[in-house]
Amino acid sequence: MAKYVIIGNSTAAIGCVEGIRSVDTDGEIVLVASEKYHTYSRPLISYLLEGKTDLERMKYRPDSFYAEQHVTTKLGVRATAIDPTAKTVALENGEILPYERLLVATGSTPFIPPMQGLETVEKAFTFMSLDDAKALEAALTPESRVLIIGAGLIGLKCAEGIEDRVRSITVVDMADRVLPSILDETGSGIVRAHLEKHGLTFYLNDTVAQFAGNHATLQSGATLDFDVLVIAVGVRPATALVREAGGEVRRGIVADDTGKTTLPDVYAAGDCAESFDISCGMNRVLALLPNAYMQGYTAGVCMAGGQAHFDQAIPMNAIGFMGLHILTAGTYDGETYCEKEGENYKILFYKDDLLKGYILIGDVARAGIYTALIRNRTPLSSIDFALICKKPQLMAFTAKARHDLLSTKQ
Amino acid sequence: MKRVYVDEKWCLGCHLCEYYCAFANSGKSSMIKALKDRKINPRIRIEGDNRISFAVSCRHCTDPICVKSCIAGALSIRDGVVCINQDKCVGCHTCVLVCPYGALMPSDDGVMQKCELCIENAGGKPACVQGCPNKAIIFEERA
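Just so you know, the sequences run in chain order A and B.
When we follow our numbering, the leftmost residue of the first sequence carries the number 33, and every step to the right adds one.
When we follow our numbering, the leftmost residue of the second sequence carries the number 777, and every step to the right adds one.
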């Protein structure tokens with residue numbers, strides 16, 4: 033019997049392997065994943081199309097990873113069911129894998145809303161996996177007119193990735209602004225203007241009413257001709273395995289701060305699972321790579337009998353488009369401090385003596401100092417608030433705090 | 777493991793550490809070739825005002841959040857040193873988003889750079905430590 037079985041091969045799964053190995057150097061690990069590839073970085077697929085990385089460099093860990101970590105892989109095989117009583121995982125090839133501890137790191141899947149006539153579109157793609165990127169790439173030509181449904185992180189990152197290799201890109205979103213999940217109105221306006229300067233066309237507050245082949249009619253009445261369609265309206269946590277096994281699922285798989293689900297010896301981490309967002313005090317799916325790693329690592333440590341808690345989760349995003357960087361973190365709640373000059377934008381949200389969240393566009397240097405204030409729940413009264421508003425800097429801390437940060441081992 | 781520690785009591789704010797850092801990482805044979813008429817982009821930076829100043833560079837944390845957060849797998853720990861593989865880095869700035877010290881920044885090529893304790897260049901002692909005229913930057917093992 034394998035001591036540990038991991039379903040998934042992306043960030044949370046790799047974090048789990050490294051977490052297990054920090055405690056247990058030789059317990060058998062079996063890793064099962066539906067994709068056939070060596071572990072790769074999902075968010076790098078847009079950089080792949082852009083030519084900023086390649087299939088070798090986008091590997092999330094070196095080729096030697098599984099061998100060095102003593103992991104047996106079963107890649108290209110889907111797990112179909114968990115039996116929490118027998119403590120086994122059934123695979124699509126008929127194999128039954130017994131486990132002592134199981135991690136579910138199944139990620140999320142693109143959500144495709146019902147759209148009339150979608151079946152008549154010949155070249156329609158989602159943008160989530162390496163196979164998605166390869167399929168999209170094969171369909172693109174320098175003459176392609178690309179229609180992207182969704183002005184969120186995935187849709188716009190896709191746009192950036194293919195911008196230089198297609199004739200035009202049009203983006204439609206039912207929201208009234210771009211990146212509505214991470215930006216306020218002002219920030220959104222800056223990013224939209226920047227993207228328009230690079231040739232993107234937006235139809236916001238709008239949706240596709242009907243597709244007819246390469247032709248889309250929007251709710252507003254506008255009509256668009258396109259060659260390639262990308263659907264990027266959002267993702268859904270892949271929770272079916274746990275739900276069908278009787279585990280509790282809300283938006284995502286319910287997991288405590290050690291990664292434990294409501295099923296015995298079954299853990300969950302990454303985009304399929306919820307975590308507790310300390311910036312707003314609620315359980316949420318934080319489908320972000322750093323959170324996936326940390327949640328997976330924590331689960332791994334705990335699965336191997338160690339002590340760890342993933343208790344500093346917050347939403348945080350680093351994203352950029354054609355040279356314009358955007359860093360955001362936390363919750364946009366409370367009083368604000370704001371600066372805007374050209375494409376540079378900063379807004380800090382603070383409440384109850386805590387920094388709750390921020391948006392930085394353009395000048396994003398040292399933003400992690402802000403992020404740490406949110407994660408550590410540092411009382412703002414303990415630092416120089418005026419200085420920290422001006423820019424992220426250690427000068428805003430007391431001499432004692434600085435001594436601890438810079439003169440002692442971290 | 778030996779790390780870089782700074783003491784603001786002794787820092788003169790002279791910025792020499794920044795110049796030594798930029799030179800050490802330039803791959804050039806002379807300081808003049810490396811730095812003359814160039815805007816330096818060092819991996820150690822002086823912060824401060826007229827009264828207080830101190831140098832900030834990577835702390836080489838034992839549990840580095842940048843390594844855990846890197847979306848490209850470009851950051852890793854090698855013998856305790858937090859290293860960046862610039863060939864893998866795509867310049868997404870996630871490390872800037874999470875580093876509590878503000879110790880990573882873009883290189884002139886757009887991908888990120890960070891202090892690697894001069895393991896690739898000076899050998900022995902980091903250049904900032906060797907160049908500090910007032911011993912405000914120390915390279916030693918602390919518990």
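Calculated directly from the structure, the hints in this document are not laboratory data.
All of these numbers come straight from a predicted model, not from anything done at the bench.
Treat each hint with caution, since some may be false.
In silico PhoX-like links for lysine-lysine, alpha-carbon gap of 25 Å or less [as the list claims (entries may be wrong)]:
id, chain 1, residue 1, chain 2, residue 2
1, A, K422, B, K815
2, A, K441, B, K844
3, A, K68, B, K785
4, A, K84, A, K166
5, B, K809, A, K441
6, A, K119, A, K35
7, B, K778, A, K432
8, A, K422, A, K441
9, B, K785, A, K441
10, B, K785, B, K901
11, B, K844, A, K91
12, B, K785, A, K423
13, A, K155, A, K106
14, A, K35, A, K292
15, A, K422, A, K432
16, B, K901, B, K911
17, A, K423, B, K815
18, A, K84, A, K106
19, B, K901, B, K809
20, A, K441, B, K812
21, A, K383, A, K441
22, B, K815, A, K432
23, A, K229, A, K119
24, A, K432, B, K809
25, B, K844, A, K292
26, A, K84, B, K844
27, B, K901, B, K804
28, A, K372, A, K422
29, B, K804, A, K441
30, A, K441, A, K372
Derived Cβ-Cβ restraints for the label pairs, each shown as a range [unchecked claim]:
id, chain 1, residue 1, chain 2, residue 2, range
31, A, R282, B, N861, 33 to 41 Å
32, A, A167, B, N817, 20 to 28 Å
33, A, D416, B, R814, 51 to 59 Å
34, A, Y69, B, E896, 50 to 58 Å
35, B, N861, A, V55, 48 to 56 Å
36, B, Q862, A, S413, 38 to 46 Å
37, B, K901, A, T368, 57 to 65 Å
38, A, A167, B, K901, 51 to 59 Å
By construction, the Cβ of each residue, glycine as well, lies at the ideal position given by its N, Cα and C atoms.
Going down the list of hints, with the structure as the test:
At roughly 24 Å between alpha-carbon atoms, A/K422 and B/K815 fall within 25 Å of each other, so this suggested pair holds. Of the pairs offered as hints, the one joining A/K441 and B/K844 holds, with about 19 Å between alpha carbons and a cut-off of 25 Å not exceeded. Straight-line distance between C-alpha atoms of A/K68 and B/K785 comes to about 56 Å, which puts the hinted pair past the 25 Å bound. At most 25 Å may separate the alpha-carbon atoms for a hinted pair to count; A/K84 and A/K166 meet this at roughly 15 Å.
Straight-line distance between C-alpha atoms of B/K809 and A/K441 comes to about 36 Å, which puts the hinted pair past the 25 Å bound. Under the criterion of a C-alpha separation no larger than 25 Å, the hint pairing A/K119 with A/K35 is consistent with the structure, at around 11 Å. Proximity of B/K778 to A/K432 is assessed by CA-CA distance (about 22 Å); at most 25 Å being required, the pair is judged to hold. Our distance criterion of 25 Å between C-alpha atoms is broken by A/K422 and A/K441, whose separation comes to about 28 Å.
For a cut-off of 25 Å, the pair hint linking B/K785 to A/K441 stands: about 18 Å separates their Cα positions. Using a Cα cut-off of 25 Å, the hinted pair B/K785 and B/K901 holds, with the two alpha carbons roughly 22 Å apart. A threshold of 25 Å between alpha carbons decides the hint, and for B/K844 with A/K91 the separation of about 15 Å falls inside it, so the pair holds. With a C-alpha separation of about 23 Å, the suggested pair B/K785 and A/K423 falls inside the 25 Å cut-off, and the hint holds.
With a C-alpha separation of about 31 Å, the suggested pairing of A/K155 with A/K106 is violated against the 25 Å cut-off. Among the hinted pairs, A/K35 with A/K292 is consistent with the structure: their alpha-carbon atoms are about 16 Å apart, no more than 25 Å. Taken as a hint, the A/K422 and A/K432 pair is honoured in the structure, with Cα atoms around 21 Å apart against an allowance of 25 Å. For the hint pairing B/K901 with B/K911, the CA-to-CA distance comes to about 13 Å; that is within 25 Å, so the pair holds.
For the hint linking A/K423 to B/K815, the alpha-carbon distance of about 21 Å falls within 25 Å, and the restraint holds. Distance hint between A/K84 and A/K106 is unfulfilled; the C-alpha atoms sit about 30 Å from each other, more than 25 Å. Distance check on the hinted pair: B/K901 and B/K809 sit about 22 Å apart at the alpha-carbon level, within 25 Å; holds. A distance of roughly 35 Å separates the Cα atoms of A/K441 and B/K812; the hinted pair therefore is violated under the 25 Å criterion.
A distance of roughly 31 Å separates the Cα atoms of A/K383 and A/K441; the hinted pair therefore is violated under the 25 Å criterion. Taking the CA atoms of B/K815 and A/K432, the gap is about 33 Å. The hint is violated against a cut of 25 Å. Using a Cα cut-off of 25 Å, the hinted pair A/K229 and A/K119 is violated, with the two alpha carbons roughly 56 Å apart. Taking the CA atoms of A/K432 and B/K809, the gap is near 40 Å; set against the 25 Å cutoff, the hint is violated.
For the suggested pair B/K844 and A/K292, the alpha carbons sit about 20 Å apart, so the restraint of at most 25 Å is met. Between A/K84 and B/K844, the direct Cα distance comes to roughly 21 Å. Compliance with the 25 Å bound is thereby established for this hinted pair. The straight-line distance between the Cα atoms of B/K901 and B/K804 is roughly 18 Å, inside the 25 Å bound, and the hint therefore holds. For the proposed pair A/K372 and A/K422, the alpha carbon gap of about 12 Å is at most 25 Å, so the pair holds.
A distance of roughly 32 Å separates the Cα atoms of B/K804 and A/K441; the hinted pair therefore is violated under the 25 Å criterion. For a cut-off of 25 Å, the pair hint linking A/K441 to A/K372 is broken: about 37 Å separates their Cα positions. Checked against the hint of 33 to 41 Å, the pair A/R282 and B/N861 passes, with Cβ atoms roughly 38 Å apart. Range check, A/A167 to B/N817: Cβ separation about 40 Å, and the 20 to 28 Å hint is violated.
The hinted window of 51 to 59 Å between A/D416 and B/R814 is violated, with their beta carbons roughly 33 Å apart. Between A/Y69 and B/E896 the Cβ separation comes to about 31 Å, which falls outside the hinted range of 50 to 58 Å. The given range of 48 to 56 Å is broken by B/N861 and A/V55, whose C-beta atoms sit roughly 27 Å from each other. B/Q862 and A/S413 have their C-beta atoms about 40 Å apart, which keeps the hinted 38 to 46 Å range intact.
B/K901 and A/T368 have their C-beta atoms about 46 Å apart, which leaves the hinted 57 to 65 Å range violated. Range check, A/A167 to B/K901: about 52 Å between beta-carbon atoms, so the 51 to 59 Å window is met.
In summary, the structure is inconsistent with hints 3, 5, 8, 13, 18, 20, 21, 22, 23, 24, 29, 30, 32, 33, 34, 35, 37 from the numbered list given earlier, while agreeing with the others.
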